[in-house]
Structure formats: C-alpha cells, structure tokens
Amino acid sequence: MVNWLYVALQAILNGLLTGALYALIGMGMALIFGVMRIVNFAHGAFLMLGMYATYVLFQATGGSPYYQFPVAGILLFVVGYATYMVLLRPIRGQVDFMVILLTMGLALILTDGAQLIFGADYHQINIPLLSRNIHLGSQISLNAPWLVSFAIALVLACALYWVVTHTMFGRAARAIAQNPYAAPLMGINVNRVQAISFGIGSAAAGIAGALLLPVFYLFPEVGNQFKLKSFVMVVLGGMGSIQGAAIAGLVLGVVESLTSLYWGNEWALAVDFVLFILVLSLKPSGIFGSQRA
Amino acid sequence: MRKWQALIAAVFLSTALFVPFLVSTDYTLQILFRVFLFAALGLAWNLVGGYAGQLSLGHAAYFGVGAYGLALFSKLGISPWASVFLGVVLAMISAAMIGIVSFRLRGPYFALCTIAFAEVLRLVAKNLPSVTGGDVGMQVPLLFTHSTIRFFYWAGVLLTAFAFALSAWIERSRFGYYLMAIREDQDTALSVGVNATRCKLWALVISAAITGLGGALYASMFLFIVPDQVPAMDISTEIAIVAMLGGAGSLLGPLLGSVVLESASEIFKNVFKEANLLIYGVLIVVVVLFMPEGIVGAITRKLSLFKKAPTAPFAAPLPVSAEEESERMVLNK
Amino acid sequence: MKRSFLLFLLAISVFFWASCHGSKGPQADTFKIGVITSLTGSNAAFGQAHKNGYTIALEEINAKGGLLGKKVELDYYDDQSRPDQAVQGVSKLVDQDRVSIVLGAYSSESTRAIVPVVTQKQIPLIIPTAVADNVMESNSPWIFRICAGSGSFATATLDFLRNNGNPKKLAIVSENTNFGQANNKSMTEAAKTAGLELVDSESYQASSPDYKSLLQRVKGKNPEVIYFASYLLDASTLMRQSEQLNLNPKYYTSAGTGFAAAEFPTPDKGAGKYAEYTFSVSQWLPSAKWKGSSEFDQKYFKLAGSHPAYHAMEAYAVLVVAAAAIENAKSDQAQAIRDALKQVNLAETPFGPVQFDARGQNQHPVLLTQVQGGQYKVVWPIEAAESKPIIPAPEWSKRQ
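Protein chains in written order, with my numbering: chain G, 1 to 293; chain U, 1001 to 1333; chain H, 2001 to 2400.
Excised from the complex, chain G in its bound form (with noise of 0.2 Å):
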C-alpha cells in the first residue's frame, strides 16, 4: 500500500528536476515578456543554438557541459542582444504582432540554419555522469545529471532574482515594465536596458540548452516545445514576474509527471495547455500575484 506513495513521490521527484530546467527557460522568456512586453517566438531557437554550441564544445575539448554552459550563455547574450539592437529596436513602435511575426521569422532562420549546418541528424553525447543514479532508499532512484542541472538552475535562478531585484539594472528593467513611458523621464537609457534583458533572457535559454545536452538529444527543432511551454511558464507566473514563472516551471514538470504517472504521457502536453486555460481564465493575472516586485 505504502508503494504507491514511493511511486508518486518518485514522480514528483523527478517532476521537481526537469521542472528546473524548465523554469530556468520560462525566467528568460518573463525577463524579456516583462521589460519589453514581447512574446518571443525565437526563445526555443536560442535554447536549440545554446545546445548546439555547447555540442560543439564538447566535441572539440570534450568537456563536461556542466561546467562549460558560460559560453553558451555568453554566446546568447550576445545573439540576444544584437538581435534586439539590429530587428527590434527599429520596430519597437510597431503593433505587436508584427513583433511576434519578426521572432517568427527569426526562428525559421535558425532553424533551417541549423539544419543547413549541422544536418537534420540527431546528436547526443554521452557523458559518464549519466550512468550514474542516486538512490534514496530502496524505492527511489535520481539520475545524476538531472540532479547536476537542478543544482546549476537554481542558483542561476537565484542569481538572476537577486540582479532584478538589487542591482541599478534591475530597478532600470523594472522601471520599464512599469511604466515604459516614464522610465526615459528618470533618465534610463531604455534602449540599453533592454537590450540587456532580451540579452540575458536569451542567455538564459541557451544555458538551458547547454544543461540539457546530456540528459536529452540534439536536433534543429528541438526548442519547439520548450518555446510553447515557457508560453506557458510565463503566463502561470503572472505579468512577467521572473520568481512566478520560476515556480510556474516547477509546477508545471510536476503536473506532467504525475499526468504521466496516472493518466498517460501522450496527456501531459494537454494537461499543461489546459491548466493555461484554467489560469486565464480564472485567475488571468497569474498564480503567484497580481503584481510585479
């Protein structure tokens, strides 16, 4: 009788895990939904570039991306904040889904770029630490590199928290999501500032992509569905809030697991859309708050 509480808990266990990884790309996509208002079709194509840069990295030096993930997020800080500068900073005026449609056409470069590139194959590495599981009693077991990518997430995401909230930068963005108007009047060089978001936001994609390497498999679309789930994140979260959509991943790698555990995989991208719905339209300002810190 007692199993079924192992069983469960092993499920929520490891929805805990990947709905870290998860919440490190939903705090990229809220940094950048929150100061700029823009929903970014390409932040599965970044996350899919941080990847790809880091499997590269790998094959030259064959370092373990659990330590080389910087350069992916250099890498996408830099892609991020160019692509802000150079596509749209000159639209900013536009309406907003001439926005979108411009992160749209931004990621079919990528993508079919990538497959120019890299080939349409899939690539995976492999790492010894993957082998390696951690037990917990006889009944629960913890692949090491989920536990490895778990501990890296959450202090990226501390790390992040703390910039938003303690820094000038910081304060500048928040600025901005509050008031895009009055932000210049203070004497915040609005440009920079979010070209620096969308900077790190992106950064924060590719480094998921780098933490995700090992564990999972490297193709030219593999950023879809994190793109339609840091939707998701992001909107659970409420308004942009970096700490809701944090928990918003969390919540959401646990839902799935248990919707895996007791109804069956194939629901588990459903059920995410559904709770989607459910915030929306019951509580549309999010789960966690109905303002920004």
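FYI, nobody ran anything at the bench for these hints, they're computed from the structure. Quick caveat: nothing in here was measured; it's all calculated off a predicted structure. Hints are supplied without guarantee of correctness; some may be wrong.
[What the hints assert, rightly or not] Computed cross-link-like contacts, DSBU-like style, restricted to lysine-lysine with a CA-CA straight-line distance of at most 35 Å:
#1 H:2064 - H:2330
#2 H:2121 - H:2342
#3 H:2302 - U:1273
#4 H:2071 - U:1273
#5 H:2289 - H:2169
#6 H:2377 - H:2398
#7 U:1273 - H:2070
#8 H:2221 - U:1273
#9 H:2064 - U:1273
#10 H:2221 - H:2377
#11 U:1075 - H:2121
#12 H:2377 - U:1273
#13 H:2121 - H:2330
#14 H:2064 - H:2299
#15 H:2289 - H:2388
#16 H:2121 - U:1273
#17 H:2302 - H:2388
#18 H:2192 - U:1075
#19 H:2219 - H:2192
#20 H:2221 - H:2169
#21 U:1273 - H:2330
#22 H:2388 - H:2299
#23 H:2342 - U:1075
Starting from the known structure of chain G, fit chains U and H onto it as the hints suggest.
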C-alpha cells in the same frame, strides 16, 4: 469601399474562374487552390485580427474542426455536404466557446490563449485513435463527383469571393465600425456603449465559419487528414502571416499576402531545396522591417500623402496610468 | 488602390512565369524518375538516409549504362515531412516534370496521402519505408511496397515468442505518431488472436525528456514482454530510464526503427550497454546474408560517414527494382512499367528476394535480432539465425 474597387475585385475573381481552362496541370491548379484558400482564410482571420485587432494564433482550431467534422460526420453515415454544414456549425460553436474564455484577455495573452486551445484540440485528435484515427489519420469523402482539382479550385475562388464580399460589407457597416473602434481603443469604445465582447464574439464566429468551411474543402481535396496537418500551429501561423504581411485591416491585404507568400513558398522550395525555409524566414523578417504595415500598407503609404483613417492599420495604444495598466494589460473589464 | 491591384496582377504573372519556367518536360537525354522524400522537417534525418541510398543505387545504374540507353536522373521533391506537400509533389512530378514512375514517400502519413493521387493519375508508386497497414488498404493496382508492414512485425515477434518461452502478459509502449500508433494497433490485434493478455498499452509524446512516470506505470502492471515502437533517441532514453527504475520484463521486444538503428547499441550515439538483450524486428542489417549487403554498407559509410539503417537500403532497393522493371518493360510509359513491376521476380538483391503479390506487397521476410555483446545477432527464424536468443533478459542489477 468605392464602387470601382468592387468592380476590379469582381472582374479579377471572375477571370480567376476561367483559369482552369487555360492552365491544365494539376500542379499549378493545386498551388492556385492553396493561394485562394489562404486568401479566404486570411480574409476570415482579418475580421478578428485586422478589424478587431485581436491577434488570433489559433485559427487552425476552426480549420481542424471543419475538416474533422466532415470526416467524422460522414463516417457516421451523413452525406458529405451535410457533414460540411455540420462541421461549419461545430466550428462556429467552438469559436463561441473559445471566444468567451479568450476575449476576456488582451493582446499577447489573448494570442497565447488561442494557441493553447488549438494545441489542445490537436492533441485530443492525436491521442484518441479510436475516434479520430489518431495520427494514423482519417478518411475524408470527396465533395465533388469528379475528383479533379478544378472543382476544388473553383470552390476556393468562390470561397474567397464570398469572404471578400462579406469583409467589404462588414467594413462599411456599423458592426465593422464598432470592431475598428475596439481595435483602436477598447476602453473608449466601451465608454460610448459598444458591447465589445459581443462584437468580438460575432467577428470570431463568422471568421470561424469561413475557416471551418475552408478546412472541410482542404480535407476533401486530400481525401485524408492527420492531426499534425490540419489543426496544427503551422496552419495558424500561415494564416496569420498571410494576413499580417499582406496588410491586416485592409481588404486586399490578405489577398495580396496569400498570392505573394504562397507562390514565394513554392518557388523557394523548387529553387532553394533544403534552404527554402531559411529564405522564407528572411522574407518575413525583411517585410516586417521594411513594410511594417504590411505590403498593402506600404504601398498605400508611399502612394498617397493623405492617409484615410478607417483603413489605416494601427495606432499605438494611448498611455494609461501605471496601476491600471498592469491589471488591464491582462484583463478586459 | 489601383497600384496595389496592379502589383497584385504582377505577382500573379510572376508566379505563373516561375511555375511554367520551373517545369522541364522530358529531356531527350535523361531518364527521369520521380522521388518524394522528406528533405526538411521532422523526418529530415530519414529523408537524408533515403537520398543517400538513392544516390548509391543511381551511381550503380548509371555506371552500367543507365536505362534504355539514357542516363538516369532523379527528380526529388521535398515534402517537408508534411502529407499535403507530398500530394503537391506528386502533381509537380507527374504533371509538370512528366515522370512515369514515383518512388517514396518516407513517412506512412505522406505515403498514405499520395496513394489516391498516383492511382488517379495512373502512375506506379514503389514504397520504400512506410509500414502502416492503412497505406496498402485501398488495394490500388498502382501501388507496390517493398518493405514488410507493421502487421508482419507483430506476427513475426509473436511467432518468435510462442516458440521461445511462450509468455502471456504483454505491454505495448508506442509513440503517439503514425508509426507508433500503427504498430500499436497491429500488435494489439495480433496479440488478441494469439491469446496473449494485454496488461498495458502506453502511448507517449515523442521527444520528451522524461519517461520515468510512464515506465513506472508499466512496471506496476508486471508484464512479461514489452513491445516498443520508438525512434532511436526515445529508444535510448527509454532503455536508460528502464534501468534507473529497475524495470525487468523477461523480454524487451520492439517494432524495429529505433531499436534496430545502427547506432542503438553504441554508447556515444545510442543506448550503449542498456541496449543489450533487446529484441527487434529487422528489415535489413549491414551484416545480412544477402549478396551486396556489405558492399552497400561500405559505400554508404564512404558517402555519409555512418553506417546505414534499413531505411537507406529500402530506398536503394526500390530504385534497383524500378530500374529492373523499366529494363524489362523496355518502355518509359507508366502502364508498361507498372505491368513490368507486377512481373518482377528478383531472386537476389541486397535487400533479399523481391516479388510483389497481387496486392502489390513484397513478402519481405521479417527477421528478429537480439543485441548480444553490442552487436545485432539474428535469432529468428531458425534457418537464418546466427545465434541463440538469450532469454530471459537478465535483471539490471545483475548485469555488469
């Protein structure tokens, strides 16, 4: 809309009807069918996305309901055309249900909500093989006694003509005016007594009807449908792109958008082979950067010094106070 | 507004010009064969495998002088992994480029979509890889399939099981795509006929990072046999996570594809040691006893830098068969080629003997392999077996 515009449109569409007598290859007719289908779908989307300014990225839901409606009802033994009718009714009902939930939200939240509904529909179709055949697919009956592409092409032209006429009529009507008022500033529109929710719902339901009809036609042409083909995000984004790039909020926009994008897509595929999607992406980025009001908007702007307000695509939303903004960013009160 | 309308007309004329310009009628100097495959999109990796297989066959055919005195040229159309594009492709290849035979497509859904079209246009189609049973259900006289279907996979596996321990409790784990669902359906029906008890049937969303909850469910039902229908990377993830959960059925069996890929037993690109003891149906292996198999393997490795899975071989075989039929027909007319295909009787190709029955299906023998010592070894049927099957699969904790 001025009379000569209507005349040009009528002439164009009637000449389009003669095309099958000039062009004999199925291949070209299929592409032209696609052009007209997406022109009709773009015009339908335009009612919600262009005139009412609500960005729907889940229109494939209605497309899919129309297609699966045809397949499912005829599996039950109902005649094909009756099944089409029922499919369209079902699409309208789904639009009402989706709209009631989604229209409480604004801007990007609305868009994301529409994506969510469409995805749920797709996953339901995919994961219930006993009902919908799942990913293995479902047979669709032939709507026309002759299985030549011609009939589908004509149906596509007629659908486009219908959508065009409907849009033109709405554009001139009070209903259309209300929609555009909602687009420009919903709160002000509400304050002068426009029932925003009801207007938006009607726009969506009408839009869904045309989209569902298009879906049934499309399905019948292929005689077979699978979930990733019909209620799929690809279709939603294609419809939205056609309308937005062509020029949302204008009549010729979706038409032009469809012609340009569908033919570009096919040409790229033949010329660039594996790189065709990349070039397509570049096209989208270039058009957005240099023609942010869509192709039609850019042309109108270049050619006329005096912009006419009702057909101008968009104005930036007026600033409101910070506290209200955060709440009203999400909700429609 | 007038100007935008003129632009409109211009766009349409450009399109017409481009589409007419793009068509090339039959060149006097080459023999064109139409090919539809997925060069982009989610199936691009397999489309590429197809292309490589076709390329090798093409070189061989042209080295021998081509067909009917002309050099052979392949006219590719990319269906972007979408069935509606595949249908469009048939129209382009047949109406515009005037090919008289089409090979392809890759996926079951694209192939199923083009069956009515080639039937209506009366062009023969040879199918290399689509295994879903519904592809052949229309009994069209223009369709020929060279590979065994999902029904044959199921019966071959059940045959093997009946003669090797006769387990009774079966669980099926399949992805929720056409490939997975078709195989799930075939196995469910075949198992019922064979009298096995289906204790669990799981469908999963492909390319998920975490299947542990799904495997937990399967574990709870205690099956003796698990039948997987998965692609390579999910296969690797599933086996790895089975070990983490200590899932120990007596038999791990599968419907090929992922579990039969060349990389599957390798540690770098597959499941490595977790692949050990898994059974799989196989259409072809580089180590197959058919003449020409290892030569194909070498040529493929030189071309692509990796070993071929059976998809590439099926493409190769389909082109070889097409060439044989065209030679026999001594004609480039669709009808004649189709009739020649009906008569085809090749006793020896690298893909084994090829002959199409009345429905157009080639009775391709289905082998069962088991991963032993990191290698695929044929274990069934007995006549073709190179090794005895190891049953039951040792528990994870007892393996090295």
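Hints, one by one, checked against the model:
1. H:2064 - H:2330: Roughly 16 Å between the alpha carbons, so the hint for residue 2064 of chain H and residue 2330 of chain H holds.
2. H:2121 - H:2342: holds, 18 Å
3. H:2302 - U:1273: Holds, at roughly 24 Å.
4. H:2071 - U:1273: holds, 23 Å
5. H:2289 - H:2169: At roughly 34 Å apart (the allowed maximum being 35 Å), residue 2169 of chain H and residue 2289 of chain H satisfy the hint.
6. H:2377 - H:2398: holds, 22 Å
7. U:1273 - H:2070: holds, 25 Å
8. H:2221 - U:1273: violated, 48 Å
9. H:2064 - U:1273: Distance ~29 Å between residue 2064 of chain H and residue 1273 of chain U Cα, so the pair holds.
10. H:2221 - H:2377: holds, 30 Å
11. U:1075 - H:2121: holds, 26 Å
12. H:2377 - U:1273: violated, 39 Å
13. H:2121 - H:2330: holds, 21 Å
14. H:2064 - H:2299: holds, 17 Å
15. H:2289 - H:2388: Roughly 17 Å between the alpha carbons, so the hint for residue 2289 of chain H and residue 2388 of chain H holds.
16. H:2121 - U:1273: With a Cα-Cα distance of about 25 Å, the restraint between residue 2121 of chain H and residue 1273 of chain U holds, given a limit of 35 Å.
17. H:2302 - H:2388: Distance ~32 Å between residue 2302 of chain H and residue 2388 of chain H Cα, so the pair holds.
18. H:2192 - U:1075: Roughly 26 Å separates the two Cα atoms, so the pair holds.
19. H:2219 - H:2192: With a Cα-Cα distance of about 21 Å, the restraint between residue 2219 of chain H and residue 2192 of chain H holds, given a limit of 35 Å.
20. H:2221 - H:2169: Holds. Residue 2221 of chain H to residue 2169 of chain H sits at ~9 Å (cutoff 35 Å).
21. U:1273 - H:2330: holds, 32 Å
22. H:2388 - H:2299: Satisfied, since the Cα-Cα distance of roughly 30 Å is no more than 35 Å.
23. H:2342 - U:1075: holds, 34 Å
Comparing the model with each numbered hint stated earlier shows that hints 8 and 12 do not hold.
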